[in-house]
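Engineer: Each chain is listed here by its residues.
Protein chains: 2
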Amino acid sequence: MINPQFDSIGKQFVGHYYKTFDSDRAQLGALYASNSMLTFENEQFQGAEAIQKKLTSLPFNQVQHQIVTTDCQPNPSNNGVLVLVTGTLIVDGGATPLKYAQSFHIVPSPGNTGYFCLNDMFRLNYG
Amino acid sequence: MINPQFDSIGKQFVGHYYKTFDSDRAQLGALYASNSMLTFENEQFQGAEAIQKKLTSLPFNQVQHQIVTTDCQPNPSNNGVLVLVTGTLIVDGGATPLKYAQSFHIVPSPGNTGYFCLNDMFRLNYG
Numbered sequence: 001m002i003n004p005q006f007d008s009i010g011k012q013f014v015g016h017y018y019k020t021f022d023s024d025r026a027q028l029g030a031l032y033a034s035n036s037m038l039t040f041e042n043e044q045f046q047g048a049e050a051i052q053k054k055l056t057s058l059p060f061n062q063v064q065h066q067i068v069t070t071d072c073q074p075n076p077s078n079n080g081v082l083v084l085v086t087g088t089l090i091v092d093g094g095a096t097p098l099k100y101a102q103s104f105h106i107v108p109s110p111g112n113t114g115y116f117c118l119n120d121m122f123r124l125n126y127g
Numbered sequence: 001m002i003n004p005q006f007d008s009i010g011k012q013f014v015g016h017y018y019k020t021f022d023s024d025r026a027q028l029g030a031l032y033a034s035n036s037m038l039t040f041e042n043e044q045f046q047g048a049e050a051i052q053k054k055l056t057s058l059p060f061n062q063v064q065h066q067i068v069t070t071d072c073q074p075n076p077s078n079n080g081v082l083v084l085v086t087g088t089l090i091v092d093g094g095a096t097p098l099k100y101a102q103s104f105h106i107v108p109s110p111g112n113t114g115y116f117c118l119n120d121m122f123r124l125n126y127g
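In order, the protein sequence lines correspond to chains X and P.
1 is the number of the first residue of the first sequence in the working numbering; add one for each residue after it.
1 is the number of the first residue of the second sequence in the working numbering; add one for each residue after it.
Derived from the structure by calculation, the hints contain no laboratory data.
What you are looking at is a predicted structure, and each value in this text was computed from that prediction instead of being measured.
Be careful, since some hints might not be right.
Each pair of labels, with its calculated beta carbon distance range [as the list claims (entries may be wrong)]: (1) P:Asn112 <-> X:Lys54: 49 to 59 angstroms; (2) X:Gln62 <-> P:Gln46: 39 to 49 angstroms; (3) P:Asp7 <-> X:Val68: 40 to 50 angstroms; (4) X:Pro110 <-> P:Asn61: 31 to 41 angstroms; (5) X:Ser23 <-> P:His16: 35 to 45 angstroms; (6) P:Asp92 <-> X:Gln62: 17 to 27 angstroms; (7) X:Ser23 <-> P:Ala26: 41 to 51 angstroms; (8) P:Val68 <-> X:Gln12: 41 to 51 angstroms; (9) P:Glu49 <-> X:Ser23: 43 to 53 angstroms; (10) X:Ala26 <-> P:Thr96: 19 to 29 angstroms.
Even glycine gets a Cβ: it sits at the ideal position worked out from N, Cα and C.
All chains, full assembly: derive it from the sequences and hints.
Structural biologist: Listed below in structure tokens is the structure:
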């Protein structure tokens with residue numbers, strides 16, 4: 001079954017995700033579940049708690065994500081949405097933005113009360 | 001159910017995909033199915049035939065994909081594998097490689113005879 005609103009769901013999720021990341025990383029855990037997976041550069045994490053711990057421990061004080069492209073496709077297997085983001089990161093007000101690519105697989109929450117991130121893979125493309 | 005071989009399946013698929021792309025693009029259709037989706041820059045295509053037509057019509061004679069990173073995660077919903085690739089493209093022997101990011105969602109074929117690409121999103125990051 002294809003989720004007819006896949007594009008707006010994906011874009012809304014990503015917008016909310018980066019807004020949360022850039023303003024209060026400690027809240028990111030709420031966007032993951034116990035079976036969620038994060039690949040961050042060469043490291044892998046499983047479960048909302050481990051993922052939040054990793055994201056809050058990243059060694060910078062301030063970060064700003066600037067999205068360049070957001071592409072979404074439906075996942076017919078589970079009513080989920082696949083998202084590929086490319087963008088730039090400004091860390092602690094640095095003058096040189098870092099390019100990144102990130103893919104998300106977001107799926108309906110149990111009880112269908114919203115969406116959470118099941119798969120998250122993040123890579124910096126050193127420009 | 002998590003596919004225990006997700007990492008080798010994803011990497012094998014991607015290696016085969018780019019080898020086929022760089023040697024004989026006309027064979028790429030065999031790696032997609034009727035419900036496959038391709039987002040290529042700002043365009044969307046559905047079905048192996050439309051996807052192959054797009055990929056074979058790209059305006060270059062020779063292309064060489066050089067993978068920089070390949071990250072894989074299992075999709076517990078369907079025994080599939082999610083892959084995020086970052087790399088560079090050399091087009092017609094040009095001196096300036098183009099950076100790209102590409103995400104794949106590969107799933108078992110009907111009859112479990114192999115894997116095909118269900119979701120494919122491709123973006124150039126103009127460096």
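Engineer: None of the hints should be skipped; say for each whether it holds.
Structural biologist: Hint by hint, here is what the structure shows:
1. P:Asn112 <-> X:Lys54: 49 to 59 angstroms: 35 angstroms, violated
2. X:Gln62 <-> P:Gln46: 39 to 49 angstroms: The hinted range 39 to 49 angstroms holds for Gln62 of chain X and Gln46 of chain P, with Cβ atoms some 41 angstroms apart.
3. P:Asp7 <-> X:Val68: 40 to 50 angstroms: 28 angstroms, violated
4. X:Pro110 <-> P:Asn61: 31 to 41 angstroms: Roughly 51 angstroms apart at Cβ, these two residues miss the hinted range, so it is violated.
5. X:Ser23 <-> P:His16: 35 to 45 angstroms: 42 angstroms, holds
6. P:Asp92 <-> X:Gln62: 17 to 27 angstroms: 42 angstroms, violated
7. X:Ser23 <-> P:Ala26: 41 to 51 angstroms: About 49 angstroms separates the Cβ atoms of Ser23 of chain X and Ala26 of chain P, which means 41 to 51 angstroms holds.
8. P:Val68 <-> X:Gln12: 41 to 51 angstroms: 30 angstroms, violated
9. P:Glu49 <-> X:Ser23: 43 to 53 angstroms: 46 angstroms, holds
10. X:Ala26 <-> P:Thr96: 19 to 29 angstroms: 42 angstroms, violated
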